[in-house]
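Got chain D sorted already, so can you dock chain U onto it with the hints?
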Amino acid sequence: MNANKITAHAVKVFYGSKQALFDVDLDIPANSVTALIGPSGCGKSTFLRCINRMNDTIEGARVMGDILVDGKNINSPQQDVVQLRSWIGMVFQKPNPFPKSIYDNVAYGPKIHGMVSSKSEMDALVESSLKKAGLFEEVKDRLLEPGTSLSGGQQQRLCIARTIAVNPEIILMDEPCSALDPIATARIEELINDLKDNFTIVIVTHSMQQAARVSQKTSFFHMGKVIESGDTKQIFTAPKHQQTQDYITGRYG
Amino acid sequence: MTDNIAFYRKRKAAEKRFHLYGKIAMGLALFILVFILGNLAGQGVPGFFQTHIKIPITFDTKKFNLQPDQSPVDAPTSSFQSIAQSSLKAAYPNVVERNDQKRLIALISANNGNTVKATLSADPSLLGKTTDIWLLAASNSDLYFKGKISKETPEADRALSDQQLKWLDDLKEKGAVKTAFNTNLFTHGDSRTPENAGFLGAIIGSLLTMIVCLSIVFPIGVATAVYLEEFARKKPGKFSWIDLIEVNINNLAAVPSIVFGLLGLAVYINVFGLPRSAPLVGGMTLAMMILPVIIITTRVSIAAIPPAIRDAARGLGASPVQVVWHHVLPLAMPGIMTGTILGVARALGETAPLIMIGMVAFVADIPTSFTDSATVMPVQVYLWASSPEAGFAEITAAGILILLVILLALNALAIFLRKHFEVRW
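Protein sequence lines correspond, in order, to chains D and U.
Under my numbering, residue 281 is the last one in the first sequence; the count climbs by one each step, no gaps.
Under my numbering, residue 436 is the last one in the second sequence; the count climbs by one each step, no gaps.
For reference, chain D alone in the conformation it holds in the complex (with noise of 0.2 Å):
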């Protein structure tokens, strides 16, 4: 297994006086896709947003513990939020392209961090972070044309492409297919196949079929609490605990 990209300790997060994480321990392997599962308001979108410092825009939002990310904390007070969301990007659970152009969504990111010194390479970055996504021959065309034309499937990896471009490390997906029907799911399913060997994936699902397929580690969250963690095929077919097998088989959630 590869090292460890992310590991989070003792990780709490409180909205005003109610607690949302308890305690969370978890280790996130580099280059492979790490599903979070569990029922609705178990803490797994809460934990998610705590590895980009999404919470700290939420107004009462209050986060403790460390998450070290290569090793280093990001909740240290030092710690540049902005330079952060460079190297970890975010896709979120609604396609939420930019009311811009297609070559502006993804050029956008790009251009505030300085990364392109010219047009051309703007141009050859756009271009290839499109391919990435497998996008690029569907709107090579129309890359003028808004972003938010494209059909639902085609603005997520949109949004996708547009986080590749700022070349993170780490990519999380907060229920990125949530929106989508069957045949774009697949798409975007693939899509997350082909980048984990080049980023390290984690995403929260609903849908544990998604996450049997996608996933090489699963950890089930509850209550705020992580149940269970460990290898995809584990925890889906000889979970240890009997709150997991219980949700994996559809008891609840």
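Derived by calculation from the structure, the hints in this document are not laboratory data.
Every residue, glycine too, gets a C-beta built ideally from N, C-alpha and C.
Hints are not guaranteed to be accurate.
In the DSS-like style, the derived pairs of lysine-lysine whose C-alpha atoms are separated by at most 27 Å in a straight line are [as the list claims (entries may be wrong)]:
id : chain 1 : residue 1 : chain 2 : residue 2
1  : U       : 159       : U       : 65
2  : U       : 249       : D       : 46
3  : D       : 122       : D       : 46
4  : U       : 249       : D       : 40
5  : D       : 128       : D       : 147
6  : D       : 168       : D       : 128
7  : U       : 65        : U       : 162
8  : D       : 128       : U       : 430
A few chain D positions that, by computed beta-carbon distances, are all more than 10 Å from chain U [as the list claims (entries may be wrong)]:
id : residue
9  : 103
10 : 105
11 : 160
12 : 171
13 : 234
14 : 276
Positioned in the frame of chain D, the structure of chain U alone reads:
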């Protein structure tokens, strides 16, 4: 089941009644609107036209009282006015009594010097000769030809005597009376005589005031709204100073406008010592008045931007300020512009606060700078409406029409901007 059918029938009837009420209300509103506009147009449209009277003018060299080296073209306007008056007297040689002559002269405007002078300047060879010139009629003559002064009224109760009416009828018969577009309305400032009064001074005054108002209120209003929506962090359930500011802004929007006028008088004029009656102070006062409106509309349009866009930008590593400049402001701009234009439209129609800071003065000159004495369109309308001369009634209505057209144009612009820059998701 029969009960049910009765129930549904009743419900359907109630729906129909409700629709009917709505239609009646809308019809009433439309009727009132059409009535007001029709009434205004009926009163105001004649104000856009003026009567002119053709009189044979003799450029008598003796009348100029010139220095030896002075050309008649350089003579003061008043000399040309007296030429116009003596020419009119000459046209009616049998009017000899001094008071009768005065009444005769009163038929034409007292400000015709420029017209006569322009004729001579255009053709200096007319000196010593006689030529027909169309002169502006006095307001009362104008009212007579427009039917506002009636022969049926007893002589003592009307502004023109029987003799004057006879002269006017006589001129009309000779074909020496015509109606032309009232250009004075768009080229002159205010005047004591209705036929010479114009709206241009007020239009320029309003323009200067709005420039000051906008350049103050837009940056402050938008910056405040952005701070409150995007940066101010509130602790849920706790009362903070930001809540205090919000409550105050919302309350300010409901403060009577004259209070802002008092504030402008007390602070800008008395404390800062800025000039009174000036567009600078007027704009600053109106800026205070519409600031809450701009803040509230900007906040609404910023709040309407889907949070997903901010998440997307933050997720890519955009800093909070970049999120605002790259995404929030461009997307909110149609709403901000609409709110601003509607705020400006409100400021443009405001009278009360400007009265407090002295923009209600009689200003005949057209203002050329932000510190000149000036007045604005609604105040000019108010001034004319309170003038005793009957001729001001028409141009009051005409002024209201001009103001309404400008406000309508602004609202149309707001709608256009909203439709044109609206982003579809």
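Verification of the supplied hints:
1. 159(U) / 65(U): Measuring from Cα to Cα gives roughly 21 Å; hence the hint holds.
2. 249(U) / 46(D): Within the cut-off at roughly 16 Å; holds.
3. 122(D) / 46(D): OK: residue 122(D) and residue 46(D) at ~26 Å, within 27 Å.
4. 249(U) / 40(D): 23 Å, holds
5. 128(D) / 147(D): Satisfied, since the Cα-Cα distance of roughly 18 Å is no more than 27 Å.
6. 168(D) / 128(D): Between residue 168(D) and residue 128(D) the Cα gap is close to 16 Å, so the pair holds against 27 Å.
7. 65(U) / 162(U): 23 Å, holds
8. 128(D) / 430(U): 17 Å, holds
9. 103: 17 Å, holds
10. 105: 17 Å, holds
11. 160: 16 Å, holds
12. 171: 18 Å, holds
13. 234: 19 Å, holds
14. 276: About 30 Å separates residue 276(D) from the closest Cβ of chain U, which puts it past 10 Å; holds.
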